[in-house]
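Trainee: Chains A and B, in that order, are what the protein sequence lines are.
With numbering that gives the first Met the number 0 as the guide, the letters of the first sequence map in order to residues 0 to 228.
With numbering that gives the first Met the number 0 as the guide, the letters of the second sequence map in order to residues 0 to 227.
No lab work stands behind these hints: they were computed from the structure.
We treat Cβ as the ideally placed atom computed from N, Cα and C, and that holds for glycine.
Errors might be hidden in some of the hints.
Claimed, not checked - A few chain B residues that face chain A, going by a derived Cβ cut-off under 8 Å, partial list only:
no., residue
1, P41
2, L42
3, K70
Each chain, letter by letter, is given below.
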Amino acid sequence: MHIGIVGVSAEGAALCYRTICVEGAQYLGPWAHPEVSTHTSSFAEYQQLSEREDWPAMAALMLNSANKLASIGASFLICPANTPHLAFPWLEPSSPLPWLHIVDVVAEEAARRGFHRIGILGTRFVMDSELYPERLEARGLEAQRPTSAQRATINRFIYDELVRGICSPAATDFHQQVIAHLKEEGCDAVVLGCTEIPLIISDENSVLPTLDSTRLLARAALRKAAGQP
Amino acid sequence: MHIGIVAGSAEGAALCYRTIAHEGANRLGPYAHPPVTLDSIPLSQYQECIDRDDWQGVGELMLQSARTLAKAGADFLICPDNTMHQGLPLIESRSPLPWLHIAAVVAEEARARGFHRIGLLGTKWLVTSDVYPEQLTARGLGYLRPADEEREDINHFIMNELVNGIFSPEAIACHQHVIARMKNDGCDAVVLGCTEIPLIMNDDNSPLPTLDSTRLLARAAVERAVSR
Chain A
0 MHIGIVGVSA EGAALCYRTI CVEGAQYLGP WAHPEVSTHT SSFAEYQQLS EREDWPAMAA
60 LMLNSANKLA SIGASFLICP ANTPHLAFPW LEPSSPLPWL HIVDVVAEEA ARRGFHRIGI
120 LGTRFVMDSE LYPERLEARG LEAQRPTSAQ RATINRFIYD ELVRGICSPA ATDFHQQVIA
180 HLKEEGCDAV VLGCTEIPLI ISDENSVLPT LDSTRLLARA ALRKAAGQP
Chain B
0 MHIGIVAGSA EGAALCYRTI AHEGANRLGP YAHPPVTLDS IPLSQYQECI DRDDWQGVGE
60 LMLQSARTLA KAGADFLICP DNTMHQGLPL IESRSPLPWL HIAAVVAEEA RARGFHRIGL
120 LGTKWLVTSD VYPEQLTARG LGYLRPADEE REDINHFIMN ELVNGIFSPE AIACHQHVIA
180 RMKNDGCDAV VLGCTEIPLI MNDDNSPLPT LDSTRLLARA AVERAVSR
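Pulled out of the complex, with its shape left as it was, chain B reads as follows:
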């Protein structure tokens, strides 16, 4: 099957795309992977909608990429951008192709690994939304949102550094600090719920086990593409 990627932020989309290529080799043999088409509408267009809280507008842009990818022959779609998933339910019924939902993939992994209470990291729009709570609660799992100040700090690093391809020690320290606080408050895992966070955080430098939304989505997409 042919994987279609509706890209939001390019750094996360690039990580997802290259993970698909490498995971493909694990399933299909050296250098092999399913065909992949990616369409990337400028993040600035999404951001204009997000800034005015226009999730329908976000959804319409996703639908535009979805139609482009359907025309290129994709069989199903993924969006390696967590924040944009707030627009997905608004357009899913009109989508030409089925989607793998990033938070459903992550929540399924959290359940499979036996975690109970999951800390949420991501943009301020994502961590105040129901994108993750809905999927986690449906599987009987608890969650914890960042506090107001933590939310603003993390959002600052994502929007001003990570999506611009900047990876600073300050950003790592900030994420570590928030994760340590979540651990103290009873979390047993943390969702890297912005597809750029895995560029700076992983199991080696995180106080809690990480659920890497970018790579989990890539692996789920390869699994689906090779098993049909």
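Pulled out of the complex, with its shape left as it was, chain A reads as follows:
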């Protein structure tokens, strides 16, 4: 199978793409992976549509990428960015191909690992939305948002630094503090629900086990393409 990646923020898309290719070897042998194609429209367009919370227009932009990927032979699609998943209700009915939904993949993993209460990190659009709570609750899990002040600061680090490829100690420190707070609030895991957060946070430097949305999506796509359960 041929994996189509609708790229939005390049850092997260690059991490997802190279995870698919490098980990492909585990299923398919040295240096092997399924064919992967990505199409990426300018992130500026996505950023402006997020600011306006114009999800139907974002769905149209994603559909443009989806149609290109379908025309070049992709078998299914993934979008290694969490915020654009808010556009899925407008996107899926007209999509030429099926998708793996990043939040379903993460929520499934959270359930499989037996976590109960999951902290949500991501852009303010993701953290303010029902994207994660809805899909976690459907599996009997609870979701916990950071405080409103924490959400504003996380959002600023994502847009001012992470999506620009800047990984500062201040950003790492702040995310660590928020995760410690989520732990105090009773969370037993945290979703890295922005595909750039794994650039600064991992199980090594987080006080809670992490659910890395970028790599989990890459691995789910790889298993699907390689015909693995």
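Add chain B to chain A, keeping to what the hints say.
Mentor: Frame of chain A, contents of chain B only:
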């Protein structure tokens, strides 16, 4: 213009792709970049051809990606993989789109910065080939290939670590050692002529100024995409 990336090794292609996104913002404003499509045929397929020295086969795989990218609407192509450029001349006349040649971009930068004698780093296939010598010589620049043992050591780190996303202190030390030797032998710059080498080497840890083939190609592609 829409940039098409014919990917070889994914680590280098990913670095090139994200560099395009960030460089785009420098030219087009916050978060903006030209549209980019990337097609990545498994490296294992390229490697089978390379292992039997079948550069025509490498070229045919590149052509397959080139056609895919043309269909997706790309205006021109780049290949962020130096080794594969040995296949490019064999298929370029049949390509649906024009290419920016990685070694031409790097050699042009070497000339612009006034270097004279350039050390070559890359896979064993690249450093024994004429991909760089041809482009450097055409601009009146000298070059130096790694010695046999250096070539095998570097190739080992590239194929067993870097393309697999592994970055070890031993790999850095090996590259530093070879670059220091090239400096002693009169080189005034070194080409990071494998798109993964910039993941471990840069101007801060190299004994010679570096010519980073991955990022130079990304910048040249953005320049071309925004200036037409």
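Trainee: Please go over all the hints and tell whether each is borne out by the structure.
Mentor: We went through each hint and held it up to the structure:
Contact between P41/B and chain A, as hinted, is supported at the beta carbon level, the nearest pair being about 5 Å apart and thus within 8 Å. Residue-level restraint check for L42/B holds (minimum Cβ-Cβ distance to chain A is 4 Å; threshold 8 Å). Annotation: interface hint on K70/B holds; nearest CB of chain A at approximately 5 Å, less than 8 Å.
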